[in-house]
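Visitor: Sequence order for the protein chains is A and B.
One point on numbering: in our numbering, the residue at position 156 of the first sequence is 163, and numbering is uninterrupted.
One point on numbering: in our numbering, the residue at position 172 of the second sequence is 179, and numbering is uninterrupted.
Keep in mind that the hints were calculated from the coordinates and are not lab data.
Treat the numbers as computed from the prediction; the structure is a model and nothing was measured.
Watch out, some of these pointers could steer you wrong.
If chains are identical, the list can't say which one is meant, so a pair holds when it fits in one copy or spans any two.
[Claimed, not checked] Here are the simulated BS3-like pairs of lysine-lysine, each with C-alpha atoms no more than 25 Å apart in a straight line: (1) 199 x 66; (2) 160 x 98; (3) 66 x 53; (4) 72 x 199; (5) 98 x 148; (6) 111 x 148; (7) 111 x 72; (8) 98 x 205; (9) 72 x 148; (10) 72 x 98; (11) 72 x 205; (12) 160 x 53; (13) 66 x 98; (14) 72 x 160; (15) 160 x 199; (16) 66 x 205; (17) 148 x 53; (18) 205 x 53; (19) 53 x 98; (20) 160 x 111.
Below, each chain spelled out in residue letters.
Protein chains: 2
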Amino acid sequence: MPAVLEFFFDFTSPYSYLASTQVEALAQRNGARIVWRPFLLGAVFKATGNSPPLSVPAKGAYMVKDLQDWVRQYGLPELALPSTFPVPSVKANRLALVALAEGKGPAFIHATFRAIFQAGRDVGELDMLGELAASVGLDAKVALARIEQQDVKDELRRNTDDAVARGAFGAPTFFVGDDMYCGNDRLFLVEKSLMNQKGA
Amino acid sequence: MPAVLEFFFDFTSPYSYLASTQVEALAQRNGARIVWRPFLLGAVFKATGNSPPLSVPAKGAYMVKDLQDWVRQYGLPELALPSTFPVPSVKANRLALVALAEGKGPAFIHATFRAIFQAGRDVGELDMLGELAASVGLDAKVALARIEQQDVKDELRRNTDDAVARGAFGAPTFFVGDDMYCGNDRLFLVEKSLMNQKGA
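In isolation and in its complexed conformation, chain A is listed as follows (with noise of 0.2 Å):
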């Protein structure tokens, strides 16, 4: 049986991004599944008591700074910092979940982290959503109207919840089993974790 890497991510977060962009071949390297986990980092923080980066001044600086040096280092286009910060992701979180459900999960989120982190487009516009569904061969219709159903809401907030009640308190956040990892930065240890299972 392949090793599971749970992979928890929002599209208002960068880090989670810059990961998205590199978990599918870290998996394959090391002969293990994503799954992915869409949750809402607001409340997160909320639960957690821990605050965005943004709102230690300094600490927001130096992140728009950060963020350009692993943009660099990845090879990726330009970042685009979204003009609403931050973004208003919960919509698109739920349509991630409803485009997992349909096998187009991972087509769905690169779409969603492009249109954010490479054109800075707003996410929290219906036009916009129903444009990402339609562009994986989703019926942006259907998909839509999912998002508003209680069955979607619940799983966002179950996948929250879940993330919380095993330690997260921020994004990305990953887990090997029960071997967590916090942050885009610490990818390389998550690879250690897989090899270490594949090892086992």
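Starting from the structure of chain A, add chain B where the hints point.
Guide: Same frame as chain A, now just chain B:
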């Protein structure tokens, strides 16, 4: 002229300890010179509105795990988590300045970080500080008198103010010229920055 790597650290900071075990090899590989700059992390937090990781329980819990991940990564001895945390490090930081002025800086800094994070010793105690000073060939009595003098206190404060003015908000913080990097986990970017400078 060799490139200069400024290393701002505080003995209270376990991530500064981790970085201190790597910076010399990193500098040597890249023909850079290290400027060791003890500063006051508490004052940095106060000036920037930042807070220590332990102030968020979930973050503090992960920090303990993360530190151990790094200790394994670097092949260091098991981590001793000091019984008094934050470590009362002000006098030790001042003593580092005295040791640096006497040409014993790196030896003293390594001995002190080891005492705290490998042996779990309390460097808030003057006896311990005297022992550390003597262990690197300083006259303990003279050195302990120096740390009560205003010019040494002022130098520590100047390092702190300088770091904050240039954007620091935590420890360790590195500068390659104006190029700032925050955290032990950014050392690979520090190295890239030094390599680019060599290439330029």
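Visitor: Give a verdict on every hint.
Guide: Taking the hints in turn, this is what the structure says about them:
Taking the closest pair of Cα atoms, residue 199 and residue 66 come within 25 Å of each other only across two copies (21 Å); inside a single copy the shortest separation is 29 Å, beyond that limit. In this assembly of identical chains, residue 160 and residue 98 lie within 25 Å of each other by CA distance solely inside one copy; the values are 9 Å within and 54 Å between copies. Taking the closest pair of Cα atoms, residue 66 and residue 53 come within 25 Å of each other both inside a single copy (19 Å) and across two copies (13 Å). For the homomeric pair residue 72 and residue 199, the shortest alpha-carbon distance between copies (15 Å) is at most 25 Å, but the shortest distance inside one copy (27 Å) is not.
For the homomeric pair residue 98 and residue 148, the shortest alpha-carbon distance inside one copy (14 Å) is at most 25 Å, but the shortest distance between copies (66 Å) is not. Within a single copy, residue 111 and residue 148 get their C-alpha atoms as close as 16 Å, which meets the 25 Å cut-off; across copies the closest is 70 Å, which misses it. Within a single copy, residue 111 and residue 72 get their C-alpha atoms no closer than 33 Å, and across copies no closer than 35 Å, so neither meets the 25 Å cut-off. When the C-alpha separation of residue 98 and residue 205 is checked against a cutoff of 25 Å, the pair qualifies neither within a copy, at 37 Å, nor between copies, at 47 Å.
For a Cα distance limit of 25 Å, the shortest separation of residue 72 from residue 148 qualifies neither inside one copy, at 39 Å, nor across copies, at 45 Å. In this homomeric assembly, residue 72 and residue 98 never come within 25 Å of each other (Cα to Cα): the closest approach is 28 Å inside a single copy and 33 Å across copies. In this homomeric assembly, residue 72 and residue 205 come within 25 Å of each other (Cα to Cα) only across copies, at 21 Å, whereas the closest approach inside a single copy is 36 Å. For the identical chains of this complex, residue 160 and residue 53 are intra-copy neighbours only, at 18 Å inside a copy versus 40 Å across copies, given an alpha-carbon limit of 25 Å.
Within a single copy, residue 66 and residue 98 get their C-alpha atoms no closer than 28 Å, and across copies no closer than 27 Å, so neither meets the 25 Å cut-off. For the identical chains of this complex, residue 72 and residue 160 are neighbours neither inside a copy (34 Å) nor across copies (32 Å), given an alpha-carbon limit of 25 Å. Taking the shortest alpha-carbon separations for residue 160 and residue 199, neither the intra-copy value of 34 Å nor the inter-copy value of 44 Å comes in at or below 25 Å. For the homomeric pair residue 66 and residue 205, neither the shortest alpha-carbon distance inside one copy (37 Å) nor that between copies (28 Å) is at most 25 Å.
In this homomeric assembly, residue 148 and residue 53 never come within 25 Å of each other (Cα to Cα): the closest approach is 32 Å inside a single copy and 51 Å across copies. In this homomeric assembly, residue 205 and residue 53 never come within 25 Å of each other (Cα to Cα): the closest approach is 36 Å inside a single copy and 45 Å across copies. For a Cα distance limit of 25 Å, the shortest separation of residue 53 from residue 98 inside one copy, 19 Å, qualifies, whereas the shortest one across copies, 37 Å, does not. In this assembly of identical chains, the alpha carbons of residue 160 and residue 111 lie at most 25 Å apart only when taken from the same copy (19 Å versus 61 Å across copies).
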